[in-house]
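Undergrad: This is what each chain is made of:
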Amino acid sequence: VSSAPFVCDLPAEPQNLGTARTFASRVAAHFGCADDTVLDLRLAVSEACTESVAPRSPSESTVRVALEPGVDRLRVEVTGVGSFEGPDDSPKRVGEPTRLELIRTLFPDAQVAPVKDGLFALRFSVPTRD
Amino acid sequence: MRIQLDLSARTDGPWTILDVVGEVDLYTAPTLREKLVAMIDEGSTRVLVNLAEVGFMDSSGLGVLVGGLKHAKERGGDLALVCVDGPVLKVLTITGLDKVFAIHDSVESATRS
Numbered sequence: 001v002s003s004a005p006f007v008c009d010l011p012a013e014p015q016n017l018g019t020a021r022t023f024a025s026r027v028a029a030h031f032g033c034a035d036d037t038v039l040d041l042r043l044a045v046s047e048a049c050t051e052s053v054a055p056r057s058p059s060e061s062t063v064r065v066a067l068e069p070g071v072d073r074l075r076v077e078v079t080g081v082g083s084f085e086g087p088d089d090s091p092k093r094v095g096e097p098t099r100l101e102l103i104r105t106l107f108p109d110a111q112v113a114p115v116k117d118g119l120f121a122l123r124f125s126v127p128t129r130d
Numbered sequence: 131m132r133i134q135l136d137l138s139a140r141t142d143g144p145w146t147i148l149d150v151v152g153e154v155d156l157y158t159a160p161t162l163r164e165k166l167v168a169m170i171d172e173g174s175t176r177v178l179v180n181l182a183e184v185g186f187m188d189s190s191g192l193g194v195l196v197g198g199l200k201h202a203k204e205r206g207g208d209l210a211l212v213c214v215d216g217p218v219l220k221v222l223t224i225t226g227l228d229k230v231f232a233i234h235d236s237v238e239s240a241t242r243s
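Residue numbers (my numbering), protein chains in the order written: chain A, 1 to 130; chain B, 131 to 243.
Keep in mind the hints are simulated off the structure, nothing from the lab.
Take the hints with a grain of salt, since some may be wrong.
[Said to hold, decoys possible] Taking lysine to aspartate or glutamate and the EDC-like style, the derived pairs with C-alpha atoms no more than 20 Å apart in a straight line are:
| no. | chain 1 | residue 1 | chain 2 | residue 2 |
| --- | --- | --- | --- | --- |
| 1 | A | Lys116 | A | Glu60 |
| 2 | A | Lys116 | A | Glu77 |
| 3 | B | Lys203 | B | Glu183 |
| 4 | B | Lys220 | A | Asp35 |
| 5 | A | Lys116 | A | Glu85 |
| 6 | B | Lys220 | A | Glu101 |
| 7 | B | Lys203 | B | Asp228 |
| 8 | B | Lys203 | B | Glu172 |
| 9 | B | Lys229 | A | Glu77 |
| 10 | B | Lys220 | A | Glu85 |
Kindly generate the complete structure, drawing on both the sequences and the hints.
TA: Structure below.
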């Protein structure tokens, strides 16, 4: 099974994080992901998009959420300016995971790679059935 | 789709309870932070953040809770959470913050403790 990805492009602004989460979770539910997987995906997508959202992002930048169905899995890609290399901007305690570590706790295959024009893509996959 | 976050505060004996309804992320976390800081600065020493009606929280929200706990302790107070089984408790657990906060399964069980 393979088809074109489902893509959502959004201005990289905090008020759009909910839309990104809703988009990803509805596509995942449509393809039969388990409820717990959908919840984990919501968190991972939110963390990934946050990495690319203001104040880090230049004005008028966008963040793209793409989900592509494959055999038994959805391939997820979040593209934006976030490199996951800088420190998180929230108060942390020693040992508390970074955004990328949190995403990898949920989806261990998550990888970040530069793409083009200074953008980075976070890629991981989620099972569409148990 | 604008994310909604509703906050309301009340008191129960020594507790100041902040009921939180909605989703907490980078967009709504500043509102929660401002409210928590204001409550603590106004003299609330036993703060209970009721997250039972929060359907989503990411690391931006966790950062606010950690900051609130630190702020409360600096003023000789404390901050506890009400959290039922679900996505919020899960993110607290996988980040290890369930060991940092006192977490209750209801407001009643917290205020009786």
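Undergrad: None of the hints should be skipped; say for each whether it holds.
TA: Hint check results:
Only pairs whose Cα atoms come within 20 Å are accepted, and Lys116 (chain A) paired with Glu60 (chain A) is accepted, the gap being roughly 17 Å. Proximity of Lys116 (chain A) to Glu77 (chain A) is assessed by CA-CA distance (about 14 Å); at most 20 Å being required, the pair is judged to hold. Annotation: proposed proximity of Lys203 (chain B) to Glu183 (chain B) is violated, straight-line Cα distance about 25 Å (limit 20 Å). The suggested pairing of Lys220 (chain B) with Asp35 (chain A) holds, with an alpha-carbon distance near 13 Å, which does not exceed 20 Å.
As the CA atoms of Lys116 (chain A) and Glu85 (chain A) are separated by approximately 17 Å, the hinted pair is consistent with the 20 Å bound. This hinted pair checks out: Lys220 (chain B) and Glu101 (chain A) have alpha carbons roughly 15 Å apart, not beyond 20 Å. This hinted pair checks out: Lys203 (chain B) and Asp228 (chain B) have alpha carbons roughly 17 Å apart, not beyond 20 Å. In summary, the hint linking Lys203 (chain B) to Glu172 (chain B) is supported, as the alpha carbons are separated by about 14 Å, within the 20 Å threshold.
Of the pairs offered as hints, the one joining Lys229 (chain B) and Glu77 (chain A) is violated, with about 32 Å between alpha carbons and a cut-off of 20 Å exceeded. Of the supplied pair hints, the one linking Lys220 (chain B) and Glu85 (chain A) is violated, its CA atoms being roughly 25 Å apart against a limit of 20 Å.
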